[in-house]
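K.L.:
So the sequences go chain by chain: S and W.
Counted the way my numbering counts, the first sequence spans residues 1 to 408.
Counted the way my numbering counts, the second sequence spans residues 1 to 154.
Source of the hints: derived by calculation from the structure; they are not laboratory data.
Possibly wrong hints are sitting among the right ones.
[Stated by the list, open to error] In silico DMTMM-like cross-links for lysine to aspartate or glutamate, where the CA-CA straight-line distance does not exceed 20 Å:
#1 Lys48(W) to Glu209(S)
#2 Lys319(S) to Glu63(W)
#3 Lys174(S) to Asp140(S)
#4 Lys50(S) to Asp143(W)
#5 Lys287(S) to Asp318(S)
#6 Lys50(S) to Glu63(W)
#7 Lys50(S) to Glu33(W)
#8 Lys142(W) to Glu53(S)
#9 Lys184(S) to Glu241(S)
#10 Lys208(S) to Glu51(W)
#11 Lys142(W) to Asp62(W)
#12 Lys184(S) to Asp125(S)
#13 Lys142(W) to Glu91(W)
#14 Lys142(W) to Glu54(S)
#15 Lys50(S) to Glu148(W)
#16 Lys142(W) to Glu321(S)
#17 Lys48(W) to Glu33(W)
#18 Lys319(S) to Asp143(W)
#19 Lys89(W) to Glu321(S)
#20 Lys338(S) to Glu209(S)
#21 Lys50(S) to Asp66(W)
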Amino acid sequence: MPDKERIVRVPIGPQHPALKEPESFMVDLQGEKISAVTLRLGYNHRGIEKGCEERTYVQDVYLVERVCGICSHSHSTAFVQAVEEIAGLELPHRAAYIRTLIAELERVHSHLLWLGVAGHEIGFDTLLMYTWRDREQVMDLFAELTGNRVNYGINTVGGVRRDISPEQLPRILKVVDALEERTKYYIELAMTEETLAQRLSGVGKLSKEDAVLLGAVGPTARASGVDRDTRRDDPYAAYGELEFQVVTDDRCDVFGRAVVRLGELMQTYSMIRQLVRQMPEGPITVKAPLRIPAGEAVSRYEAPRGEDVHYVKANGTDKPERVKIRAPTLANTQSVAKMLEDGYLADLPIVVAAIDPCFSCTDRMIAVKTREDARTMGWEELVQYGVRWYRERGVDVSKIKMRGDSTA
Amino acid sequence: MSDAETVVAKLVAKFPSLTGRVNVQRATRVWVEVDRQAFAGVFHFLVKDLEFSNLCMITGLDEGADLGFIYHLARNGGLMANVKTRCTKGESMQTITPTFLGGGIYERELMDLFGARIAGLPEGRRYPLPDNWPKGEHPLLKDWRPREKGAQDA
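The following block holds chain S by itself, in its conformation from the complex (with noise of 0.2 Å):
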């Protein structure tokens, strides 16, 4: 048993330099070490479900992409999943593919910009950068083929409100072929680089049976050895048709939810090549109702994160009854005060970092202030001046080559 007298209780949140977002943990610390973590949660309730009740399924779907920043698609595909389940409606073939397909380059840029946030929490900056600007090129192929970097507004009742051209299809195979180039170096970078294997195993364990009874999901649960992945198991929009493998690891660790996340990837650039090469013919949307008749259904995607369950009641009108909404993270905060138990202060970012809490990014341009005027850079412009930058002070950032990348 602790001995209470020498147990200090710090406080980190709800604002918090190591925090991405609002969340309060309150940590009893002996020495360095954590014995016990209460969490409080809520911060960011927006009310986002009794605001689904007052407008319209349409309205809805753009209600509901805004739940996240990062996985905005899995919200929309969620919910609009619930509402043509329960209006019968068929979802065209080629629509399927196309919810897929964003759906997966989205599984991409969330996965990317996790490997970042995991280096910058320990300390390797490195990291940060290289897979940030990688996950640029997955942004903007989202901003060519849905007018938007995030909350890409693709989804609608029925189907999806943007085709894509055949002159785009080369383009997302270009993207990919340069990805899994760069991801395989990070996996090398993983499995080789013996500072960051130590850094992060034994960090933030999680067993496989503290996992179930906690109920984690996605990656922080497969990390864990827990074979569950809703694309798999309960396969909706083109899954069935798409061969691939779910990924596991059995060291309950961060370093295994590292692994977990590097080998999906893999996994992703296979399927949205399989997309791309498969992609049907035809229509993209069938014509939905206003008023979805009475009934009731439940939807489950599986987000970057994990699973995310969408439950709309419909009363015959034109708006939900009750619309219910478990993001992935809900879920996955209950098992973070269980990894930090016995471990140190120090991890506490990087072990919350592992469950890939929720935070959004959305500017693509940014306004540099000086102190005659402003001026609005776009992203090419931003990219020269950089290099220039650095130019000037004797370092010519052009001239260093990586790997996979052609145009260095």
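Let chain S serve as the given structure and place chain W on it in line with the hints.
P.N.:
Frame of chain S; chain W shown alone:
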């Protein structure tokens, strides 16, 4: 016999009162409607005997005089069992945390947003409303409306 039909047959064989109250919506969706008094037994049977070891979430519903609850359970292989029960507003449901430790957060959500009473729930911080949220205000009840700006702070 499909996976879902097997589950239905086993449920009805064990609990004859469920006859006509179990419905297969599609291959991976089973819906079960059960009285509050029989809920614990059915829930335990699904989790322990039929291996629905994954609690996806709990949905609350405002059904007028009653509060509805749907416990969304899943098992390996993709089959989902959605167990519906209800209680009169003001009555308590028993906590499921002895079975699903992680389920406490979903029960706290029902307490805050619907005013549900959950008996036996271990002590913990509320979720998701703020600590200074007015007592007796439960936003997902159908007759709840936001107070006028300023009234909340009075």
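K.L.:
Each hint should be assessed against the structure and marked as holding or not.
P.N.:
Cross-check of the supplied hints:
1. Lys48(W) to Glu209(S): 15 Å, holds
2. Lys319(S) to Glu63(W): 17 Å, holds
3. Lys174(S) to Asp140(S): With a Cα-Cα distance of about 13 Å, the restraint between Lys174(S) and Asp140(S) holds, given a limit of 20 Å.
4. Lys50(S) to Asp143(W): The given pair, whose Cα atoms are some 11 Å apart, holds under the 20 Å limit.
5. Lys287(S) to Asp318(S): Between Lys287(S) and Asp318(S) the Cα gap is close to 15 Å, so the pair holds against 20 Å.
6. Lys50(S) to Glu63(W): Since the Cα atoms of Lys50(S) and Glu63(W) sit roughly 15 Å apart, the hinted pair holds (cutoff 20 Å).
7. Lys50(S) to Glu33(W): Measuring from Cα to Cα gives roughly 25 Å; hence the hint is violated.
8. Lys142(W) to Glu53(S): Holds. Lys142(W) to Glu53(S) sits at ~9 Å (cutoff 20 Å).
9. Lys184(S) to Glu241(S): 26 Å, violated
10. Lys208(S) to Glu51(W): At roughly 16 Å apart (the allowed maximum being 20 Å), Glu51(W) and Lys208(S) satisfy the hint.
11. Lys142(W) to Asp62(W): Judged against 20 Å, a Cα distance of about 6 Å means the pair holds.
12. Lys184(S) to Asp125(S): 19 Å, holds
13. Lys142(W) to Glu91(W): With Cα atoms ~18 Å apart, Lys142(W) and Glu91(W) stay inside 20 Å; holds.
14. Lys142(W) to Glu54(S): 11 Å, holds
15. Lys50(S) to Glu148(W): Judged against 20 Å, a Cα distance of about 17 Å means the pair holds.
16. Lys142(W) to Glu321(S): Satisfied, since the Cα-Cα distance of roughly 9 Å is no more than 20 Å.
17. Lys48(W) to Glu33(W): 19 Å, holds
18. Lys319(S) to Asp143(W): Holds. Lys319(S) to Asp143(W) sits at ~16 Å (cutoff 20 Å).
19. Lys89(W) to Glu321(S): Given that 20 Å is the threshold and the Cα spacing comes to 19 Å, the pair holds.
20. Lys338(S) to Glu209(S): 12 Å, holds
21. Lys50(S) to Asp66(W): The given pair, whose Cα atoms are some 19 Å apart, holds under the 20 Å limit.
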